[in-house]
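Novice: Spelled out, the chains give:
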Amino acid sequence: MDRFVWSSGLLEINETLVIQQRGVRLYDGEEKGKMDVGILLLSTHRLLWRDHKNHDCCIAMPLSQIVLFEEQAGGIGKSAKIVVHLHPAPSNKEPGPYQTSKYSYIKLSFKEHGQIEFSRRLSEEMTQRRWEHVPVSQPINTSTTSQAGRTRAVGIVGIERKLEEKRKEMDKNISELFNTEPFISQAKEMVELSRSIASKIKDKQGDITEDETIRFKSYLLSMGIANPVTRETHGSGTHYHMQLAKQLGEILLAPLEEQGGMMALTEVYCLVNRARGMELLSPEDLVNACKMFEALKLPLRLRIFDSGVMVIQLQSHSEEEMIASALDNVSEKGSLTSEEFAKLLGLSVLLSKERLLLAEKMGHLCRDDSVEGLRFYPNLF
Amino acid sequence: MHRRGVGAGAIAKKKLAEAKYKERGTVLAEDQIVQMSKQLETFKTHLEEFASKHKQEIRKSAQFRVQFQDMCATIGVDPLASGKGFWSEMLGVGDFYYELGVQIIEVCLALKHRNGGLITLEELHQRVLKGRGKFAQDVSQDDLIRAIKKLKAMGNGFGMIPVGGTYLVQSVPAELNMDHTVVLQLAEKKGFVTVSEIKTSLKWETERTCHVLDDLLKEGLAWLDGQAAGEPQYWLPALFSELCSRDVTPEEASEMVP
Numbered sequence: 001m002d003r004f005v006w007s008s009g010l011l012e013i014n015e016t017l018v019i020q021q022r023g024v025r026l027y028d029g030e031e032k033g034k035m036d037v038g039i040l041l042l043s044t045h046r047l048l049w050r051d052h053k054n055h056d057c058c059i060a061m062p063l064s065q066i067v068l069f070e071e072q073a074g075g076i077g078k079s080a081k082i083v084v085h086l087h088p089a090p091s092n093k094e095p096g097p098y099q100t101s102k103y104s105y106i107k108l109s110f111k112e113h114g115q116i117e118f119s120r121r122l123s124e125e126m127t128q129r130r131w132e133h134v135p136v137s138q139p140i141n142t143s144t145t146s147q148a149g150r151t152r153a154v155g156i157v158g159i160e161r162k163l164e165e166k167r168k169e170m171d172k173n174i175s176e177l178f179n180t181e182p183f184i185s186q187a188k189e190m191v192e193l194s195r196s197i198a199s200k201i202k203d204k205q206g207d208i209t210e211d212e213t214i215r216f217k218s219y220l221l222s223m224g225i226a227n228p229v230t231r232e233t234h235g236s237g238t239h240y241h242m243q244l245a246k247q248l249g250e251i252l253l254a255p256l257e258e259q260g261g262m263m264a265l266t267e268v269y270c271l272v273n274r275a276r277g278m279e280l281l282s283p284e285d286l287v288n289a290c291k292m293f294e295a296l297k298l299p300l301r302l303r304i305f306d307s308g309v310m311v312i313q314l315q316s317h318s319e320e321e322m323i324a325s326a327l328d329n330v331s332e333k334g335s336l337t338s339e340e341f342a343k344l345l346g347l348s349v350l351l352s353k354e355r356l357l358l359a360e361k362m363g364h365l366c367r368d369d370s371v372e373g374l375r376f377y378p379n380l381f
Numbered sequence: 001m002h003r004r005g006v007g008a009g010a011i012a013k014k015k016l017a018e019a020k021y022k023e024r025g026t027v028l029a030e031d032q033i034v035q036m037s038k039q040l041e042t043f044k045t046h047l048e049e050f051a052s053k054h055k056q057e058i059r060k061s062a063q064f065r066v067q068f069q070d071m072c073a074t075i076g077v078d079p080l081a082s083g084k085g086f087w088s089e090m091l092g093v094g095d096f097y098y099e100l101g102v103q104i105i106e107v108c109l110a111l112k113h114r115n116g117g118l119i120t121l122e123e124l125h126q127r128v129l130k131g132r133g134k135f136a137q138d139v140s141q142d143d144l145i146r147a148i149k150k151l152k153a154m155g156n157g158f159g160m161i162p163v164g165g166t167y168l169v170q171s172v173p174a175e176l177n178m179d180h181t182v183v184l185q186l187a188e189k190k191g192f193v194t195v196s197e198i199k200t201s202l203k204w205e206t207e208r209t210c211h212v213l214d215d216l217l218k219e220g221l222a223w224l225d226g227q228a229a230g231e232p233q234y235w236l237p238a239l240f241s242e243l244c245s246r247d248v249t250p251e252e253a254s255e256m257v258p
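The listed protein sequences correspond, in order, to chains A and B. The end of the first sequence is residue 381 by UniProt numbering, with every number in the run present. The end of the second sequence is residue 258 by UniProt numbering, with every number in the run present.
Hint data in this document are derived by calculation from the structure and do not stem from the laboratory. These numbers were taken from a predicted model, which means no experiment stands behind them. Possibly wrong hints are sitting among the right ones.
[As the list claims (entries may be wrong)] EDC-like cross-link-like pairs, simulated, lysine to aspartate or glutamate; straight-line CA separation at most 16 Å:
#, chain 1, residue 1, chain 2, residue 2
1, B, K38, A, E212
2, B, K44, A, E71
3, A, K111, B, D138
4, A, K202, A, E212
5, A, K188, B, D70
6, A, K78, B, D142
7, A, K81, B, D70
8, B, K218, A, E339
9, A, K202, B, E30
10, B, K112, B, E123
11, B, K218, A, D369
12, B, K38, A, E192
13, B, K152, A, E284
14, B, K60, A, E71
15, A, K81, A, E30
16, A, K81, B, E30
17, B, K189, A, E192
18, B, K190, A, E112
19, B, K149, A, E284
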């Protein structure tokens, strides 16, 4: 906490406010310290904090003091925190609330939440480092920058250096991939190109074969570009999805039988990915593969209920059978809720509810909807 | 009648199209596809090079992941769209998020009997971290949010409702409209609401208030405490802090319902 200086809290010219969050307490390392709860502000150049009761009490710290920061999740009776690791204070620093500190880090404790957004913005500012190229009207204390390197105040040098190197490595790696102009502009070019191709396919300009279309779709898949071209024959699928669909057709037969012929798509997702261990499927991969079941004449179907729930269903389990057996079960017991039905059949509550709703839709059951729950009775009307 | 050679006709048509395009200065789509495949190869090589050196960072650093995602968004690509994408295959980004998706689904499923399918992002975060174990990679809330966004593709009602600076994660397809959401946000401070609180803060009539509260009860998102001093309190289990709740098994839960 000895890196902070007293401040008027006014922003300099060319300094912009990025985000502010109330309900924040500052910790000097692990210690709560003398500051109360206040408002934390992030600008393009500094981190400021103002006491929520006494507005005259305001402190600030240049962002250049920050080596790196980490999030610390909240817990029982604890708020989420951001731990900010700092460079040592420069010798010519102006006076602040703490003369010295035995810690080289502070903690920002978010008592009223807001750490997600704050952390994100702080991360952005630390990457952009706008304080380095946007001059402000009044001089701000800049710490000895990382370029100063090896000569430092004794004490926490080892740890600080490691953190600093870690951060530099990360920055360098990120710049290697991201700021490398050719890389980013190449990627953008490809997105543009794909859009142009897609619109031509849509307008049926030129003679593009089926094969070329499929090839194009697989390029889109590789890059992660949204596919604007859907054709009835293949849906949004590619060869990859066709293969997946066939695999699923085999893997899912046994589990589906066990679960009464129907499984929620999220259950399938977990089942398949847990079995794979690596090279997992994305949710979209799964959906796209399932959409091809019918075209590939596999005995499974993707089905979307009115509620939006998506399931995979064995084709052999016909709808009428399911509804008839649901009616039998309900009549036998007099009435059933989805939980009771679920227990009876060994199904998930979600799917048993869908079956009862389906039977109701067909007119075989009717409902009794109260705050005690939704109960189904045979339809005697 | 002259029999027209099909081959000749097709070739002539193509030549005509080519000529038209060259005239207008636009490029044929087929040529563009060839161009794209070449560009893809170069891009892939560049990415492979990077991946061979830095694949570990992605798994280890939440910050790196955030910046990576932001960059992809500006370019216009979705690195998580498919496990078959370059990003997944070479950088391993996919596996990280898809596995997280599995863990999120499992946590939500396990707690559904208690909170009706609504959970705070914080609690979800803590439980996922616990499930991953001490030696697994750390996961940030940003990671969770991105994984959840991807889960929406599977239609099971995954959604996020902003309340008091954080989010409630919904994992069941309950129809929650603006009225429900606003009541949830009101309840966030204490974990419960009363009819009069709603009427005073939101200026609603009794009927609207009761209707919304009844909906929440029916969906299992709210529990009624009829024995509270004063008027009945509607508690939201999703908002229970660890301090004033303990884990209940599905059997116990069904016994407690009147």
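Novice: Now look at each hint and say whether the structure bears it out.
Specialist: So, going through the hints one by one against the coordinates:
no., hint, verdict
1, B:K38 <-> A:E212, "holds (14 Å)"
2, B:K44 <-> A:E71, "violated (33 Å)"
3, A:K111 <-> B:D138, "violated (22 Å)"
4, A:K202 <-> A:E212, "holds (14 Å)"
5, A:K188 <-> B:D70, "holds (14 Å)"
6, A:K78 <-> B:D142, "violated (20 Å)"
7, A:K81 <-> B:D70, "violated (23 Å)"
8, B:K218 <-> A:E339, "holds (13 Å)"
9, A:K202 <-> B:E30, "holds (14 Å)"
10, B:K112 <-> B:E123, "holds (13 Å)"
11, B:K218 <-> A:D369, "holds (8 Å)"
12, B:K38 <-> A:E192, "holds (15 Å)"
13, B:K152 <-> A:E284, "holds (9 Å)"
14, B:K60 <-> A:E71, "holds (14 Å)"
15, A:K81 <-> A:E30, "holds (11 Å)"
16, A:K81 <-> B:E30, "violated (54 Å)"
17, B:K189 <-> A:E192, "violated (47 Å)"
18, B:K190 <-> A:E112, "holds (13 Å)"
19, B:K149 <-> A:E284, "holds (11 Å)"
In this structure, the earlier hints numbered 2, 3, 6, 7, 16 and 17 are contradicted, and the remaining ones agree with it.
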